[in-house]
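Enquirer: Residue-level listing of the chains:
Number of protein chains: 2
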Amino acid sequence: MRVRKTKHEKEYFVCHFRQISDFINSLAVLMCLGPLFLCRKLVVTIHCKMFMVHVHLQGSCIVPWVLFETRKVGTGVANRSHGYFNSLPGLIVGVILRYGTPSTSGHDKPFSCSQEDRPFTTLLVNVSGKFFEYTLKGEISPGKIHNVEQNDMLRKVTFDPEVFFNILLPPIIFHAGYSLKKRHFFRNLGSILAYAFLGTAVSCFIIGNLMYGVVKLMKLVGQLSDKFYYTDCLLFGAIISATDPVTVLAIFNELHADVDLYALLFGESVLNDAVAIVLSSSIVAYQPTGENTHAFDAAAFFKSVGVFLGIFSGSFMMGAVTGVVTFTKLHCFPLLETALFFLMSWSTFLLAEACGFTGVVAVLFCGITQAHYTYNNLSVESRSRTKQLFEVLHFLAENFIFSYMGLALFTFQKHIFSPVFIIGAFIAIFLGRAAHIYPLSFLLNLGRRHKISWNFQHMMMFSGLRGAMAFALAIRDTATYSHQMMFSTTLLIVFFTVWIVGGGTTPMLSWLNIRVGVDPDQDPPPTNDNSERRNRTKQESAWLFRLWYSFDHNYLKPILTHSGPPLTTTLPSWCGLLARCLTSPQVYDNQEQLREEDSDFILNDGDLTVTYGDTTITANGSSGPHTATTSLDGRRTKSSSEEALERDLGAADHEVTSRGTRLVFPLEDNA
Amino acid sequence: MRVRKTKHEKEYFVCHFRQISDFINSLAVLMCLGPLFLCRKLVVTIHCKMFMVHVHLQGSCIVPWVLFETRKVGTGVANRSHGYFNSLPGLIVGVILRYGTPSTSGHDKPFSCSQEDRPFTTLLVNVSGKFFEYTLKGEISPGKIHNVEQNDMLRKVTFDPEVFFNILLPPIIFHAGYSLKKRHFFRNLGSILAYAFLGTAVSCFIIGNLMYGVVKLMKLVGQLSDKFYYTDCLLFGAIISATDPVTVLAIFNELHADVDLYALLFGESVLNDAVAIVLSSSIVAYQPTGENTHAFDAAAFFKSVGVFLGIFSGSFMMGAVTGVVTFTKLHCFPLLETALFFLMSWSTFLLAEACGFTGVVAVLFCGITQAHYTYNNLSVESRSRTKQLFEVLHFLAENFIFSYMGLALFTFQKHIFSPVFIIGAFIAIFLGRAAHIYPLSFLLNLGRRHKISWNFQHMMMFSGLRGAMAFALAIRDTATYSHQMMFSTTLLIVFFTVWIVGGGTTPMLSWLNIRVGVDPDQDPPPTNDNSERRNRTKQESAWLFRLWYSFDHNYLKPILTHSGPPLTTTLPSWCGLLARCLTSPQVYDNQEQLREEDSDFILNDGDLTVTYGDTTITANGSSGPHTATTSLDGRRTKSSSEEALERDLGAADHEVTSRGTRLVFPLEDNA
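One line per chain: the protein sequences are A and B, in this order.
Under the UniProt record's numbering, the first residue of the first sequence is numbered 1, with each subsequent residue one higher.
Under the UniProt record's numbering, the first residue of the second sequence is numbered 1, with each subsequent residue one higher.
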């Protein structure tokens, strides 16, 4: 016994030594950034932007890692600490760049070599015998000449705002749409749509009007040095209405908090973003005619509403249409399949942009549609590959944005921090969120069987974090005084909500007595009372959704995918030939297969990963609906959409329970 | 019976209809490209380059798909038809752009607004009242002023040559290095190194000298209108010595051709690329001093050799060092792990570039090292995720390069096609390849027990395809007359070898009587005579490799990874404490696990995928060596590196046999 103890002590020492060496290890990685950063060669070549991207990504990944390795944070926090620690490296680099580099002015005054009526794309300039090539960047309105970046170094580390919209947001939004294939999302479809559309619009108008009041006050006090129109205030409302509760959702996921609340928050935040983007573009499109350019103009207003509806429905249609394009016989080469899948979503983006719609919104709906239809046509290998690919892209893009946000706080040269405006904005977003959540929840509760309780409403109120989308919308246009002030305020709001509100999620959950650490379907237990549960699900599912589901399951899925019942069974008999033509031959094959398989594999649809020492057995089933019924008693005749729905939902449940590590959370006795 | 037949006929019709609809489907996807391409809005905004990338990728992915869907090509060809069909869309787009767009000149003559001694980074130009912003692109030597692109449209579709080197090549090369974890590669290590280093150098000098003869001849005939130095010829030799037999290897893989031949070709082509890059940079570095700037200068020559050795060993060291950085306790968050893994290889690239080494070469060795060490430290989820991520990146990058090559054939504005030079180049690469393969094989056969037979040598001679690397090296510098001629010739050589030689692989294989469609270890059978097989492997493995393997297995792996035997068992007893400190605690854990596991899982290390209807059970084991012996008879005391080596190699074998679809190939009776 004594010997054993000594051995243990020794091993403890060894383990501890290993920990220290791990820490040294991680420090070495961090130090990799040093020489890179100091090397002037990189800063002047093509690598400059690549290098900046790398600094942001590496930094934002390493900080949570180091914090975890040094036992400062727990697994979950390090894993999904969006914005939490990820903005730290950006902040540090920002401070260094701001105060550590000499400010060199890039130009003094404009040349006046006015030659012809058309500008050249390339300019060769002879500077004391040496020739330099210049490329055209764009036209600048005379008023903005002095807004051109002054500092060389800052210029190099600054990214074109369009990069955020065109390169970084699409993977984030697509991934959000792609992961919207959840039972509880559809169960709360109506409420989510109401929160996303009505709620965001209400919030936008309330914040806009309140901010207009603040601006009036500032003008009265004399704190406003330039113009600030009503439309600017509304635009601010639209920008700041895009909520992004990633941190909250990560913690929810971790603690197995109530799934309905999770679905409400996640669904709202996803659709929310789309609404906010389109809302902001239609506000920008609101340009009253006549001499009084900033008063109310009914024609322009209706034009704006038209723009909103047009862009939204156009983007929606485009995303949905390109999303359903089916890849049929590519199972033989999964790599090509994945590449095409990835490129099709990119096509959606470009196509929508080319047609004047919003690419990001189209990509969102493309993701939702692809998750629903195209996913079922992919080979098993491709399914996991695409899912993982988009996960990584999403992770990297989000880390980059948060890290860049930290940088922007210091390196953006036109910050206008107005205390009155900032305080006003905080109050406005609080009131806007309140006016969005409580009245809507009251109205929704009139129609809902499964009411949204008070503590849920408080939690939703609390979870109104602002993130990547608000930042991207705000940085897009920082040309005027008002937009610069809005950008600075947005940055502060994002940091405040992510750092303070995000950090307070866990105390808030326990304070509001929200169920955590429970299986999503603990009551009633999933076995035995199958019929009772089915009834419950039937009641809870949105009425509209059930109607659509049955149409989708019986007609759309068989046409667009290789799963679902053959059309020959769902269509009336008089259109037999048409049904045969439209049904994929693989549907019949799938049916045969299902009949032969063990029913267990049909039921347990989620991702089951059993680690077996070094070898892992992964049972990665599809989440799509199958034609077979539970078949425990051998009956297979009835293949109604109702049962398929039950199974789908059951499968999704299973997925939720089998994922992640369980954490036992100190529960106070609640209900 | 009759009814059944009718049903079958009906189903055939239905199937056929479905095929047609699939084709329409794919046409619809193709048509997606139309509006995008015509939309002027996209061409003038930030999207331009993104859009071009998309056109290339989408096109290069869709062409093989459409050809497969319309039953024009088989599975294997469509799957890995690198450069084969992938250059088609580029060619088409190139023709359209070349002959379909008006040629608008971007500039006439340089401004002479010579002001100060320092050029500005930003230029504001007042063109008849409007202000335009220009950004500095770089200095141009006076001689090259007229080489600046003339056509706006072509300018927009042309990518910076550095993009190929800094963005597209790294994933391709990294993936090549990352997949070099094969039994037969290590068995032929010596030969591969000889082919890659000696062979490439020989080939480079022979091609260089022959081309210098051709150039002399051209000068004599009067076909040369500008300077063409000896160093340019050598550079051409270096550029064109990088072989890239992807198509051949894809077909080998498909047909299960001889694995030793596969290993020789694959290993050679991977290391080859690294040698060619470094060789070309050291030739560029060869700048003789004194008045006669293009005669032989011993000092400059030795400087070049020094540069070669310095860059190569520096890049090698840098790649290897950053490759072994171990991620230890990140198993809890696989996404962060994958992101860091990806970023670490990127760090290697940037770090090497910053230190003046070659990033691409560093990335290659980083990939090899990461596959060997870091891979073992990853969680199971991360392993498949990183593998798949790099596969997709490699696939997309390679497709892009081949598609862009098609475009460059038409849109590159400074093509110089000299028939004499081209014919000379074809003869030179043929002779260079011959002088590289046959004498080296003769010398190697003196030392090899398992001789490289004549038909293997012929096949290697035949497989000297040129691909992405030659293109990237040639496009890097097209400033002078000689470089432009070299670029045009390289393009033609790449197209010829990929289209003609690549297409002739299958006939060539059967003509040369090379074993196809056989399991790599059919003779002797893998079971029963275990000891005999072990002896055979022992003999066949390179002597140097065995020495290194034992060192690596006993000391490096336990220190750097969580696998391998604990150092306490491999190090002499007097350094017990050091051994305990350096061994990861997880090594002991792994040992425990292995002891408890079924030995079958240890032996069958490869990727086993059993499709089970809709559900797939993937047993994705690590290929790293384990401490446990085969343990069929319970003995576990001896954990020698020899046995681990056997098991590793056996596992790799298993992987080869369990992968891919078997194709029965019309074999003529050979041996």
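Heads up, a few of these hints could be off.
Which bits of chain B does chain A cover? Going by a derived footprint, with three or more residues having C-beta under 8 Å, they are [as the list claims (entries may be wrong)]:
| id | segment |
| --- | --- |
| 1 | 406–416 |
| 2 | 479–485 |
Listed next, with one range per pair, are the computed distances between beta-carbon atoms [said to hold, decoys possible]:
| id | chain 1 | residue 1 | chain 2 | residue 2 | range |
| --- | --- | --- | --- | --- | --- |
| 3 | B | Phe302 | A | Ala479 | 53 to 63 Å |
| 4 | B | Ala479 | A | Asp160 | 27 to 37 Å |
| 5 | A | Ile96 | B | Leu556 | 29 to 39 Å |
| 6 | B | Ser313 | A | Asp160 | 48 to 58 Å |
| 7 | B | Ile92 | A | Ser550 | 39 to 49 Å |
| 8 | B | Ile423 | A | Ile96 | 51 to 61 Å |
| 9 | B | Gly213 | A | Ile96 | 54 to 64 Å |
| 10 | B | Phe302 | A | Ile96 | 37 to 47 Å |
| 11 | A | Asp160 | B | His450 | 55 to 65 Å |
| 12 | B | His458 | A | Asp160 | 49 to 59 Å |
| 13 | A | Ile427 | B | Ile92 | 58 to 68 Å |
FYI, nobody ran anything at the bench for these hints, they're computed from the structure.
Bear in mind the structure is a predicted one, so any value in this text is a computation, not a measurement.
Ideal placement from N, C-alpha and C gives every residue a C-beta, glycine not left out.
Enquirer: Could you run down the list of hints and mark each one as holding or not?
Expert: The hints, checked one at a time:
no.	hint	verdict
1	406–416	violated (count 0)
2	479–485	violated (count 0)
3	Phe302/B with Ala479/A: 53 to 63 Å	holds (58 Å)
4	Ala479/B with Asp160/A: 27 to 37 Å	holds (29 Å)
5	Ile96/A with Leu556/B: 29 to 39 Å	holds (37 Å)
6	Ser313/B with Asp160/A: 48 to 58 Å	violated (39 Å)
7	Ile92/B with Ser550/A: 39 to 49 Å	holds (45 Å)
8	Ile423/B with Ile96/A: 51 to 61 Å	holds (58 Å)
9	Gly213/B with Ile96/A: 54 to 64 Å	holds (57 Å)
10	Phe302/B with Ile96/A: 37 to 47 Å	holds (42 Å)
11	Asp160/A with His450/B: 55 to 65 Å	holds (57 Å)
12	His458/B with Asp160/A: 49 to 59 Å	holds (54 Å)
13	Ile427/A with Ile92/B: 58 to 68 Å	holds (59 Å)
In summary, the structure is inconsistent with hints 1, 2, 6 from the numbered list given earlier, while agreeing with the others.
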